[in-house]
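Position chain X relative to chain C; hints supplied.
These protein sequences, in sequence, are chains C and X. Under the numbering used here, residues 3 to 198 are what the first sequence spells out, in order. Under the numbering used here, residues 3 to 198 are what the second sequence spells out, in order.
Be careful, since some hints might not be right.
Identical copies look the same in the list; a pair holds intra-copy or inter-copy alike.
Dumping the calculated BS3-like pairs for lysine-lysine here, alpha-carbon to alpha-carbon at most 25 angstroms [unchecked claim]:
id: 1; residue 1: Lys116; residue 2: Lys158
id: 2; residue 1: Lys190; residue 2: Lys158
id: 3; residue 1: Lys46; residue 2: Lys6
id: 4; residue 1: Lys137; residue 2: Lys97
id: 5; residue 1: Lys46; residue 2: Lys116
id: 6; residue 1: Lys6; residue 2: Lys97
id: 7; residue 1: Lys24; residue 2: Lys97
id: 8; residue 1: Lys6; residue 2: Lys190
id: 9; residue 1: Lys6; residue 2: Lys24
id: 10; residue 1: Lys24; residue 2: Lys190
Just so you know, the hints here were simulated from the structure itself, not pulled from any lab data. On a predicted model such as this, the values are computed, not experimentally measured, just so you know.
There are 2 protein chains.
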Amino acid sequence: MYPKAFTALVEQLQHLPGVGAKTAERYAFHILDWDEEQLNAFVKSFAAIRTGIHICQICGNLAESDQCAICRDHARDNGVICVVQSARDVIAMEKTQEYHGVYHILNGVISTTKGILPDDLNIQSLIDRIDESTKEIIIATNPTVEGETTALYLAKLLEPYSLTITRIAHGLPMGGHLDYADELTLIKALEGRKKM
Amino acid sequence: MYPKAFTALVEQLQHLPGVGAKTAERYAFHILDWDEEQLNAFVKSFAAIRTGIHICQICGNLAESDQCAICRDHARDNGVICVVQSARDVIAMEKTQEYHGVYHILNGVISTTKGILPDDLNIQSLIDRIDESTKEIIIATNPTVEGETTALYLAKLLEPYSLTITRIAHGLPMGGHLDYADELTLIKALEGRKKM
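This is chain C alone, in the form it adopts within the complex (with noise of 0.2 angstroms):
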């Protein structure tokens, strides 16, 4: 019933993640609404993907050229690499601002639901930075069952170096409630415990 093109401009924002049948129409009306100026404006951010977006060949992350903004950067500390899952997670920790170390993005987790094996992921990269000037790996993957198995995937795999390997310490967020927090986080809070 709707124009064959809205139907088509429905069906297309059904490709972003969690936008179904209702959200899309919403979306295309709103759209509809939009000023020539702001349609064009939208659609060259698209189009400015494939040239302006590029992944750091260090690191794997997300880069205006070959080499992202923290690899370039000689004020970080190289002796410290940080792995964490995506590109997400180094804007998470970039805010802390108490890293100063480097990262490497390992673009997934091991996962045999999925079918995701180590192979699947930016792990011989990893291996291939270390040299002498590398001191510290810490992995910082999800405390999820996947990030836990790719954590000890990793820490397996790099124990032939002679480096520090830590993992991200997992426990009660700040703010958190004793009673809300679920088993698992409990007991690595007590896990994790430190003289006071």
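Just chain X now, kept in the frame of chain C:
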């Protein structure tokens, strides 16, 4: 910290209704995974809007050309005009397969808080299309404060014409429960009671 092109994409995605920074970022990361074909299809569907979607010159509905599919359909009863707020409502009505008249899309409702006055709506064209064949005008704006205001305004405006002016019924939705219904709905349901 992200490449400029990525930030630009995230910014543009935030122009979609109800999409904030977090959702836009999620969309953007998903879009980065699209292959060339998918990306082109998406962009193309946006470019096709201006050429493929028109506004029906008679009723204001979305149309492939100057007139929408319903206005062009000679099997429809032109004597009955159902006045709705938006093109979306036409789809909802058409799904019932019970209505065989035509539509008129107001493109909004009178709202003093949003500064939408009768002149901002598609009302003059409704008056203009009334002729000797017009028998009934069904006012099907939403049962909200603005929808009711608009319905009353239209009823007053159409009074001089020798037409039957009707308002869609308000009451309990089918499958609804009395104890979940709000007071206003119950009042309307009582007012609209019929002999069994």
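Verification of the supplied hints:
1. Lys116 / Lys158: within (22 angstroms within a copy, 62 angstroms between copies)
2. Lys190 / Lys158: within (21 angstroms within a copy, 70 angstroms between copies)
3. Lys46 / Lys6: Close inside one copy (23 angstroms) and across copies (13 angstroms); limit 25 angstroms.
4. Lys137 / Lys97: within (23 angstroms within a copy, 66 angstroms between copies)
5. Lys46 / Lys116: neither (34 angstroms within a copy, 32 angstroms between copies)
6. Lys6 / Lys97: Between copies only: 18 angstroms across chains, 45 angstroms inside a chain, cut-off 25 angstroms.
7. Lys24 / Lys97: Between copies, since 15 angstroms is at most 25 angstroms while 35 angstroms is not.
8. Lys6 / Lys190: The answer is neither: 55 angstroms in one copy and 39 angstroms across copies each exceed 25 angstroms.
9. Lys6 / Lys24: Within one copy only: 17 angstroms inside, 31 angstroms across.
10. Lys24 / Lys190: neither (41 angstroms within a copy, 28 angstroms between copies)
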